[in-house]
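Each protein sequence line maps, in turn, to chains A and B. In terms of numbering that gives the first Met the number 0, the first sequence has 90 at position 91, counting the first letter as 1, and numbering is strictly consecutive. In terms of numbering that gives the first Met the number 0, the second sequence has 191 at position 192, counting the first letter as 1, and numbering is strictly consecutive.
Where hints are given, some of them may not hold.
[Said to hold, decoys possible] With a cut-off of at most 20 Å between alpha-carbon atoms, the simulated EDC-like pairs for lysine to aspartate or glutamate come out as follows:
id	chain 1	residue 1	chain 2	residue 2
1	B	Lys146	B	Glu51
2	B	Lys89	A	Glu69
3	A	Lys261	A	Glu247
4	B	Lys168	B	Glu288
5	B	Lys146	B	Glu276
6	B	Lys89	A	Asp217
7	B	Lys53	B	Glu132
8	B	Lys159	B	Glu51
9	B	Lys106	B	Glu125
10	B	Lys257	B	Asp244
11	B	Lys106	A	Asp217
12	B	Lys170	B	Asp206
13	B	Lys106	A	Glu247
14	B	Lys89	A	Glu247
15	B	Lys170	A	Glu52
16	B	Lys168	B	Glu276
17	B	Lys146	B	Asp167
18	B	Lys255	B	Asp206
[Unchecked claim] Take a look, some chain B residues computed to stay more than 10 Å from chain A by CB distance:
id	residue
19	Glu66
20	Ala68
21	Pro72
22	Ser87
23	Lys89
24	Lys106
25	Gly126
26	Phe155
27	Ala176
28	Lys211
29	Arg286
No lab work stands behind these hints, which were simulated from the structure alone. No experiment lies behind these values; they were computed from the predicted model shown. Each residue gets a CB set at the ideal place from its N, CA and C atoms; glycine is no exception.
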Amino acid sequence: MTSLAETGMPRVTALREAQERSRRLLILLLGGGVAVAAIAELMIGPARISIPEALAALIPWGGPDSQATEIVQAIRVPRMILGLFVGATLGVCGAALQGLFRNPLADPGIIGVSSGGVLGAALMIVLGKALAPGFLTMTGPYALPVAAFIGSTAAIAAVYGLSRLTGVSTGSSLILAGIAINAIVGGILGYLSFVAFDDQLRELIFWQLGSLGRITWDNLPPAIALMGCSSVLMLRLAPALNTYLLGEREAVHLGVNVQAMKRNVIVLAALGVGSAVAVSGLIGFVGLAAPHIIRLFIGADHRAVLPGSALLGALLIVAADLIARTAAAPAELPIGVLTSLLGGPFFIWLLMRHRRELF
Amino acid sequence: MTGMTMTRRAVPAALLFVMAALSPAASFAQDTAQRVVTLGSDVTEIVYALGEGKRLAGRDSTSTYPEEANALPAVGYFRQLGAEGVLSLKPDLILATTQAGPPEALKQIAGAGVKIVAMPENFSPEGVVGKVELIAGALGVPEKGAKLAAELRQKFEAAKTQIGSMPDKPKVLFIIAAAGGAPLAAGTHTGADALVSLAGGQNVFADHTGYKPVSLEATAAAGPEAIAMMATTLENMGGMSGVTDNPALRLTPAAKSKRVVAREGSYMLAFGPRLPEAMVDFARAIRGEEKK
C-alpha cells in the first residue's frame, strides 16, 4: 500500500479526487431527489389540494382553518417524516449489515431481523396485556418499538451465532440461518394468529403488510428518535467497517476493536430496524437494494455507502408511499407490496450477478 | 373474554361518536349530510333501503349490493382505510361498521371535522333494526327509519314463525376457507354462528370461538348434515366435486348427500335488511330443501 502510494502518488491522488467528485455529485443528486420526493409527498395526494393551499397549510401551528390544512398537517407531514426516517434507517442498517457479514445478501428482511421485530411486536399485541399489563401502560407508545427491538436483537444475535457456528459467514450459511429464523418466526406468528382474538388478528396482519398510514403526531416522536439515534451512530462506524473489509485479523492489527464494532452494528441495526418495523410493519427489499445501487456507483467505502444508502432508502420509501397513496385512490395500496414488486426482480438480478460467489 | 375485546373496540368508536356529536358544525351536518361514505356492506344496504342512496359519495370495497353501489368510488377494505383517501371524497358523514379501522385513520378523519357514526356489533334481528334506526337518525330521516324498522320487525316475526315450524335441528358446518385442505370453521361469536342458530340449525363447532382451522378428524367426527360457505369459497374449492373430494369434508354426511349451501357472503353474513329472506332461505337449504 505505502510503496504504491509513494510511487504512483500523482495518479492515485488524481483518482481519489475524481472519485471524491463523483461521490459528492451522487450525494448531491440523491439529496435533491429526496427533497423533491418529500415535497411531492406533501403536495400530492388523493385529496385534491392545490399547491398554494398546501403551502399555506405548512405554516406550523397555523395555516387557514380548513380541512386541507388538517389533511396536510395531521396526515401528510407526519407520513413524510416517517417515510424519510424509515427509508434512511433501512438503507443504513442494510449497508452496515452487509459490511458486518461481508455478504451482499445480508438484508434485514432476508436474514430474519425484520421478522424478529414483527415477532416481538406480535407477542406484545397478543400476550402483552395478559403477561405484563403494567409494562404496556408504563411505556405507552414505546411498548411496541421496544418489543420489536428485543425481537430484532434476538433474531440478529441468533443469525450471527448460527452463521459463526456453521462456518465463517459464507453466503449459504447466512441465508440458511436467515431462512431458519424466518421459519421459526413464521411458526410462532402462525400460532399467535391461531390464539389471537379477531381485533388482535387484524393488528398482526398490519405488521406483515407494511404501511406508513398509521402514523400520527402521538406515535411519531418515539419512533423517529430511536431510528435517528440508530442511523447517526451507525454512520460513525463507517471507518471501522472499512477496515473490517480487509479481514477480521487485519482489522484487529490496524487497531480496530472488532468485538465492540460487531456488537455496536448488531445493537444499532436491531434498534433501527425494530423501531421501523414497530411503526410501519414489514417493508421489504429497501435495505437490500439501496446499498447495492450505491456501491455500483461509488464503490465500497462505507463513509460514502452509509450516507448514500440512507438517502436512497429515504427516496425509495417516500416515492413508493406516494404511489401507494395515489395509485388506487381513494383506497390505499400496502407499501410493502410496491417495494417487494420492485425489489424481487432486483434480488433475482443480484443472484445472477453473484452466482459465481454463491454457488 | 370476547366481551372484553368487544368493549375495547367499542370504546374508541363511542369516543369518536361523542367527540363528533359535541362539535356544533357536526350536529348541523347531521340532518343535511349530502356526502355520506359507508364502511360495511350492511350499512350501505341500509342506506339504500332507506331510499337515501343518492346521498352516498363513497363506499368500502365489500359494499357491492345493491347494484348501484358499485358505481360509487370504493375506499378499499374497511379494515385498512387510508385517512386521506376517505377525506378526498369530501364526506360530511361517515357511517361505519364496528370493525372499520385502523383506529389511527379514523382518528385522523374525525380530526378533519368529519362526523363518524359507528354501528354497535350485534349479530341479531334486533341488531339490524337498531342499525336501521341509528342510520336513519344520522341521516336525519327518522320517519323513514321507523317505517323500515317496523317492516323489518314484521318480516323477522314471519321468518321466525316459518323457521319454527320446520322440522329437526340439522347440524351445520360453516366454513370460511379451505386452504390446504383444512377448513377454517366458524365457532361462536361469529356472524356465521348467529345465522346458523337463527335458521334453527346447530353449529357443529359451538365449542370454538371465532374462525379456527379444524382437523380432518374433528370435522368427520362432528358429522355435519349440511356444509355452508360463501359462493366464492365454493368456487375456489372447485365446485361441488371440490367439496366431495376434500379429505376433511369427504366423510361427512353433508358431503355424501351433497347438501352444500353456498350463498353470496354479504347476503348471508352482513346482517343487513336482507337478513329475513336470508334466514328463511338458509333454513330451507340446510334442511335440503333447495329453492332452485
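Cross-check of the supplied hints:
With a C-alpha separation of about 14 Å, the suggested pairing of lysine 146(B) with glutamate 51(B) holds against the 20 Å cut-off. Straight-line distance between C-alpha atoms of lysine 89(B) and glutamate 69(A) comes to about 13 Å, which keeps the hinted pair within the 20 Å bound. For the hint linking lysine 261(A) to glutamate 247(A), the alpha-carbon distance of about 11 Å falls within 20 Å, and the restraint holds. Proposed proximity of lysine 168(B) and glutamate 288(B) is supported: the alpha carbons are some 14 Å apart, at most 20 Å.
For the hint linking lysine 146(B) to glutamate 276(B), the alpha-carbon distance of about 18 Å falls within 20 Å, and the restraint holds. A distance of roughly 25 Å separates the Cα atoms of lysine 89(B) and aspartate 217(A); the hinted pair therefore is violated under the 20 Å criterion. For the suggested pair lysine 53(B) and glutamate 132(B), the alpha carbons sit about 19 Å apart, so the restraint of at most 20 Å is met. Between the alpha carbons of lysine 159(B) and glutamate 51(B) the distance comes to roughly 28 Å, so the proposed pair goes past 20 Å and is violated.
The straight-line distance between the Cα atoms of lysine 106(B) and glutamate 125(B) is roughly 29 Å, outside the 20 Å bound, and the hint therefore fails. Of the pairs offered as hints, the one joining lysine 257(B) and aspartate 244(B) holds, with about 11 Å between alpha carbons and a cut-off of 20 Å not exceeded. Simply put, lysine 106(B) and aspartate 217(A) have alpha-carbon atoms about 11 Å apart, close enough for the 20 Å limit, and the pair holds. About 14 Å separates the Cα atoms of lysine 170(B) and aspartate 206(B), which keeps this hinted pair within 20 Å; it holds.
As the CA atoms of lysine 106(B) and glutamate 247(A) are separated by approximately 52 Å, the hinted pair breaks the 20 Å bound. Taking the CA atoms of lysine 89(B) and glutamate 247(A), the gap is about 60 Å. The hint is violated against a cut of 20 Å. In summary, the hint linking lysine 170(B) to glutamate 52(A) is not supported, as the alpha carbons are separated by about 61 Å, beyond the 20 Å threshold. At roughly 19 Å between alpha-carbon atoms, lysine 168(B) and glutamate 276(B) fall within 20 Å of each other, so this suggested pair holds.
Distance hint between lysine 146(B) and aspartate 167(B) is unfulfilled; the C-alpha atoms sit about 35 Å from each other, more than 20 Å. At most 20 Å may separate the alpha-carbon atoms for a hinted pair to count; lysine 255(B) and aspartate 206(B) exceed this at roughly 25 Å. At roughly 20 Å from the closest C-beta of chain A, the C-beta of glutamate 66(B) stays outside 10 Å, upholding its exclusion from the interface. With a closest Cβ-Cβ approach of about 15 Å to chain A, alanine 68(B) is found to remain outside the 10 Å limit, as its non-interface label requires.
Proline 72(B), annotated as away from the interface, has a beta carbon of chain A within 10 Å; the closest lies near 6 Å. At the 10 Å boundary, the C-beta of serine 87(B) falls inside the reach of chain A, the nearest C-beta of that chain being 4 Å off. Consistency note on lysine 89(B): stated as away from chain A, yet its beta-carbon is not over 10 Å from all of that chain's, at 8 Å minimum. Here lysine 106(B) does not stay apart from chain A, with its beta-carbon only about 7 Å from theirs, under the 10 Å limit.
The Cβ of glycine 126(B) sits about 17 Å from the closest Cβ of chain A, beyond the 10 Å cut-off, so the non-interface label holds. The claim that phenylalanine 155(B) lies off the interface holds: its Cβ sits roughly 26 Å from the closest Cβ of chain A, which is beyond the 10 Å cut-off. No Cβ of chain A approaches the Cβ of alanine 176(B) within 10 Å, the least distance being about 13 Å, so the stated non-interface status holds. With a least CB separation of 7 Å from chain A, lysine 211(B) falls inside the 10 Å interface cut-off, contrary to its annotation.
Non-interface status of arginine 286(B) relative to chain A is upheld: no Cβ of that chain comes within 10 Å, the nearest being about 30 Å off.
Hints 6, 8, 9, 13, 14, 15, 17, 18, 21, 22, 23, 24 and 28, counting from the list given before, are not met by this structure.
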